[in-house]
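K.L.:
Spelled out from the first residue to the last, the chains are:
Protein chains: 2
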Amino acid sequence: MHTMIIGGAGMLGQKLAASLAGDTLTLVDVVEPPPFPNATTLAADLTDPATATALIARRPDVIFHLAAIVSGEAEADFSRGYAVNLDATRMLFDAIRHAGEHDGPYKPRVVFASSIAVFGAPFPARIPDDFHTTPRTSYGTQKAATELLLSDYSRRGIFDGIALRLPTICIRPGKPNRAASGFFSNILREPLAGLPAILPVPDTTRHWFTSPRTATGFFRHAATLDLALLGDNRALNMPGLSATVAEQIEALRSVAGQAAVDLIRREPDPTIAAIVVNWAQDFDTPRAHALGFRAERTFDEIIAVHLLDETGA
Amino acid sequence: MHTMIIGGAGMLGQKLAASLAGDTLTLVDVVEPPPFPNATTLAADLTDPATATALIARRPDVIFHLAAIVSGEAEADFSRGYAVNLDATRMLFDAIRHAGEHDGPYKPRVVFASSIAVFGAPFPARIPDDFHTTPRTSYGTQKAATELLLSDYSRRGIFDGIALRLPTICIRPGKPNRAASGFFSNILREPLAGLPAILPVPDTTRHWFTSPRTATGFFRHAATLDLALLGDNRALNMPGLSATVAEQIEALRSVAGQAAVDLIRREPDPTIAAIVVNWAQDFDTPRAHALGFRAERTFDEIIAVHLLDETGA
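Line order of the protein sequences matches chains D and Y.
Just so you know, we're using numbering that gives the first Met the number 0 here: the first sequence kicks off at 0 and counts up by one.
Just so you know, we're using numbering that gives the first Met the number 0 here: the second sequence kicks off at 0 and counts up by one.
A few of these clues could be false.
Unchecked claim - Reference excerpt, derived from the structure (chain Y facing chain D, CB under 7 Å, subset only):
#1 Thr39
#2 Ala42
#3 Asp44
#4 Arg125
#5 Thr133
#6 Ser137
#7 Ala144
What the hints assert, rightly or not - Residues from chain Y that face chain D, not an exhaustive set, calculated with beta carbons under 7 Å:
#8 Pro48
#9 Thr50
#10 Asp93
#11 Asp129
#12 Thr140
#13 Asp151
#14 Leu228
#15 Asn232
#16 Arg293
Source of the hints: derived by calculation from the structure; they are not laboratory data.
Cβ coordinates follow ideal geometry from the N, Cα and C atoms, glycine included.
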């Protein structure tokens with residue numbers, strides 16, 4: 000089995016690679032991914048039309064496509080967001096099409112990292128599986144348009160694709176970053192390490208989460224699932240945990256005590272609050288559930304996964 | 000007011016042009032549209048990157064974009080469908096963006112002809128305004144992806160856009176064609192003219208309709224509406240009439256008598272029946288209704304409009 004991970008230098012790409020020990024791996028990213036056993040690592044510019052052709056010439060059986068310009072950057076740089084998130088992905092899809100047409104039968108599995116950013120307010124209390132995609136960002140637009148192409152190319156038999164609409168990943172390892180969603184991880188990760196963290200939104204803020212380990216599992220499960228079960232709609236809302244900031248903090252308290260909670264400083268930021276108020280809060284995901292996808296049920300679990308995977312505790 | 004109609008040689012484009020007598024018109028199509036008073040007529044290849052730039056250099060205030068490769072052809076010719084329906088439209092959108100960036104303020108109104116083909120089965124009994132877009136054809140995929148871009152470009156202030164998801168147009172004037180939906184018009188238009196027609200599906204088949212006159216009115220209304228009322232989701236399900244074939248035939252009987260009905264020959268076609276069973280049957284359209292869009296309420300009205308507009312009766 001030859002597995003290619005595009006976006007292989009990123010946090011999820013690295014975790015996914017680490018979990019696929021038995022496979023022959025090709026890890027691709029804009030910077031060369033760190034070396035891995037059984038892995039070829041490549042630096043590649045996905046916006047160069049020659050890149051997709053060269054990658055597909057390696058004939059991977061499974062392609063995980065995780066590479067993207069993140070939400071904030073896609074909003075700040077219109078052209079670059081469309082070039083990487085929409086056009087480069089389409090070039091990849093078309094390279095698969097051309098390979099199948101010109102070089103004999105080829106129909107890889109394509110697992111695409113989509114996002115709940117395809118959805119936009121106003122929302123029902125729980126977002127159903129058949130809720131419309133009305134993104135409020137260029138990033139969400141690019142993900143939603145790519146999902147449509149992925150379903151059509153799959154229906155056409157060009158590849159066997161699935162798009163996973165991932166919840167916000169929490170607890171994200173590493174340093175605090177300036178992503179608008181960063182605080183959801185910061186207020187747990189930093190206090191767990193004895194460091195201060197800033198909370199820019201009210202404690203009542205509700206959002207939709209899964210751990211890095213579970214998200215990695217979603218990708219592996221999607222790579223082996225019988226995708227005919229999805230029919231022609233290959234975009235799937237992943238399960239997650241709906242929780243408020245207050246519930247996050249209670250979980251922190253139960254794991255690490257009041258001293259950890261006291262490291263959170265409330266510093267309301269109207270700009271971040273105005274962004275977050277338009278984010279999805281809760282989903283009903285019977286379709287993914289029936290296909291065997293499972294997420295955490297409590298924030299205590301999410302914290303436990305973080306301590307185990309990131310600190311070895 | 001300078002109004003450009005792309006797809007100006009088509010049935011709806013011609014009717015729209017005829018209804019815009021006061022405007023300065025530019026009619027564009029792949030074949031040169033027939034001459035019109037106050038109108039410039041242009042033949043243009045929309046897939047040529049220079050075309051969009053040249054059209055936008057004329058700085059139309061309102062752009063009606065009706066040009067498309069139709070459903071059957073987009074399914075038969077993958078590359079051409081994507082090139083015209085998705086890529087050429089995006090080139091038009093980007094030409095507007097570049098004109099605004101390089102040649103001073105420019106923010107035209109863009110009215111885009113979308114379709115209920117953005118929706119795919121399984122459907123609820125009545126499709127709500129927030130139902131997801133899961134097209135079952137490449138044509139529907141191209142329309143749905145374009146809608147997403149149109150909403151994002153509008154949110155960004157590049158133009159002021161709206162996408163109208165049109166019902167099936169009935170009664171379509173002209174000769175019978177081989178479109179899978181053609182029979183809905185054929186079984187009325189032909190008997191009204193004393194000619195035979197073939198009905199390939201059961202009388203219980205239900206679908207969603209509007210007349211050419213009403214569809215033309217939708218476009219004109221969309222050109223003057225305050226689009227801020229739509230928020231960031233610029234795709235709008237148009238109102239229509241949900242009717243069965245039996246209801247169509249009853250209306251034909253009441254207008255033209257049993258002799259006309261007797262001209263319909265039932266000739267079941269499993270291929271057409273299999274396509275039509277996946278089409279939308281009924282919608283609930285409160286959003287369009289609140290914005291002032293109105294459709295016919297009976298098939299008698301649709302037939303009366305046809306007789307008045309096409310035969311002068």
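K.L.:
For every hint, state whether the structure bears it out.
P.N.:
Hints, one by one, checked against the model:
1. With a cut of 7 Å, the hint placing Thr39 of chain Y at the interface with chain D is violated, because the nearest CB-to-CB distance is about 32 Å.
2. For the restraint placing Ala42 of chain Y at the interface with chain D, the shortest Cβ-Cβ distance is roughly 29 Å, beyond the 7 Å limit, so the hint is violated.
3. The restraint placing Asp44 of chain Y at the interface with chain D is violated, with a minimum CB-CB distance near 21 Å, outside the 7 Å limit.
4. Against a cut-off of 7 Å between C-beta atoms, the interface hint on Arg125 of chain Y is violated, since the closest Cβ of chain D lies about 13 Å away.
5. For Thr133 of chain Y, the suggested interface contact is upheld, since its CB lies about 4 Å from the closest CB of chain D, less than 7 Å.
6. At about 5 Å, the closest approach between the beta carbon of Ser137 of chain Y and any beta carbon in chain D falls short of 7 Å, and the interface hint on this residue holds.
7. Annotation: Ala144 of chain Y was flagged as interfacial toward chain D, and the flag holds, the nearest CB pair being 4 Å apart, inside 7 Å.
8. The beta carbon of Pro48 of chain Y comes no nearer than 14 Å to any beta carbon in chain D, farther than 7 Å, and the hint placing it at the interface is violated.
9. Hint status for Thr50 of chain Y relative to chain D: violated, with the closest Cβ pair at about 20 Å, above 7 Å.
10. Interface restraint check: Asp93 of chain Y against chain D, minimum CB-CB distance 9 Å, threshold 7 Å, status violated.
11. Satisfaction of the interface hint for Asp129 of chain Y is found here, the shortest Cβ-Cβ separation to chain D being roughly 5 Å, below the 7 Å cut-off.
12. Proximity of Thr140 of chain Y to chain D holds as hinted, the smallest CB-CB distance being about 4 Å (cut-off 7 Å).
13. The interface hint given for Asp151 of chain Y holds, since its Cβ lies 4 Å from the closest Cβ of chain D, which is under the 7 Å cut-off.
14. Because the smallest distance between the Cβ of Leu228 of chain Y and any Cβ of chain D comes to about 14 Å, over 7 Å, the interface hint for this residue is violated.
15. Contact between Asn232 of chain Y and chain D, as hinted, is supported at the beta carbon level, the nearest pair being about 4 Å apart and thus within 7 Å.
16. Hint status for Arg293 of chain Y relative to chain D: violated, with the closest Cβ pair at about 23 Å, above 7 Å.
In this structure, the earlier hints numbered 1, 2, 3, 4, 8, 9, 10, 14 and 16 are contradicted, and the remaining ones agree with it.
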